[in-house]
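A.B. asks: Each chain, written out:
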Amino acid sequence: MTRPLRRAHFWVWIALAIALPALLLASLAVRRTGSLLNPGMDWKKSK
Amino acid sequence: MSVHYQAVSWNPAKRTYDLVIAAGIAAYLLMFILLGIIVHPNATAETLIIRALGTLALLLIHVILSIGPLCRLDSRFLPLLYNRRHLGVAMFLVAAVHGVFSLIQFHGFGDVNPLVSLLTSNTRFSSLADFPFQLPGFLALIILFLMAATSHDFWLNTLTPRIWKSLHMMVYLAYALLIAHVSLGALQSETSPVLAGVLAAGLVSVTSLHVAAAVRERKLDVLPLPGADFMEVCDIAAIPENRAKVVTIGLERVAVFRYGDKISAISNVCAHQNGPLGEGKIIDGCVTCPWHGYQYLPESGASPPPFTEKVPSYRTRIVDGKVFVDPCALAPGTPVEPARIV
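Residue numbers (our numbering), protein chains in the order written: chain A, 1 to 47; chain B, 48 to 389.
These aren't lab readings, by the way, just hints derived from the structure by calculation. Every residue, glycine too, gets a C-beta built ideally from N, C-alpha and C. Warning: the hint list may mix true and false statements.
Listed next, the stretches of chain B that the computed footprint assigns to chain A, with coverage defined by at least 3 CB atoms under 8 Å from CB atoms of chain A [unchecked claim]:
1. 87-98
2. 103-111
3. 219-233
Here's a subset of chain A near chain B, in silico, CB distances under 7 Å, partners left out [claimed, not checked]:
4. Thr2
5. Arg6
6. Trp13
7. Ala15
8. Ile18
9. Leu20
10. Leu23
11. Ser27
12. Arg31
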């Protein structure tokens, strides 16, 4: 690999090593806990 | 390495590699679907297929991205690199089938064109929880398609190595898009910690391997800039027979080969895909790249006829058992008299 490519790889992976775990953690933090979008709806009646 | 372009230059190693890929893919899909039927008996066949293909594509891209740094850290992984492009094409095909099934399942039964529906049905870009996660997956698929379509050596030569390499480095963007696709999609509805745990483990593994390999490479680059004179690079004894010592001179790496009573130096960068020539060995009188077997004459850096690849060569000198290299690279393929070990 040429030196410019080696440097590009280094900085790309430093950036990804910071950004991707942050994205994963953020997505887990905003995850809903399983409650229904329409908690007032009676699904048995709808059937 | 061949004189004419062929769809695939088959050999026993490639056949074995591809058979292992095909068998692995089939076994994974079968196991996932069987387990899915047991764990989620109410899931539809389409849902199981979409999940099986999606998780397989995610697994494959982690394997593919791990091969490069593993080879930098330990040469025993080099056989995995040899036919990595077939693994990449297989990964694209799996991801494409996942995309097509998903498009039909989630966008194919309305009165809007499925692709238009994919691009316009959800525009909540400001919400992480409701983000249109299918878009990053779609963009990743386009990148993977471009890579798969240009993976042949014909495109490497047609596009030039610089453009081809830039295009194929977009796999890192595709990986980031896929992580976004899964984090903002499946992870939002999947309450089991298994998917999140496996994704986190894969992410940490791949990034750690790449950062470790990159840090190791950077250490090798820390050397003083060359002057105008020959630079002392190592003792003769430091170079194994028919092997090379890789040294950094100025901005680039040079592979100094010892063969018989001769010492020659050529660029460490293979003209094919930038493979590390200095980690290869001399076979049948030719420096042989450890990645794909491209060969060069150590005296000139030119491939033996009828091949046309060339890499820069360097003048060498031996003084008191020490090897010296002229830091000025010669034009690719320039013949240079090897230094003689007396």
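A.B. asks: Taking the hints in turn, state whether each one holds.
C.D. replies: Now for the hints, and whether the structure bears them out:
1. 87-98: Violated - the stretch 87-98 of chain B has 0 residues with a Cβ nearer than 8 Å to chain A, which falls short of three.
2. 103-111: violated (count 0)
3. 219-233: Holds, because 7 residues of the stretch 219-233 of chain B bring their Cβ atoms closer than 8 Å to Cβ atoms of chain A.
4. Thr2: holds, 6 Å
5. Arg6: Cβ of A:Arg6 sits 5 Å from chain B, so the hint holds.
6. Trp13: holds, 4 Å
7. Ala15: violated, 9 Å
8. Ile18: violated, 9 Å
9. Leu20: holds, 5 Å
10. Leu23: holds, 6 Å
11. Ser27: holds, 4 Å
12. Arg31: holds, 6 Å
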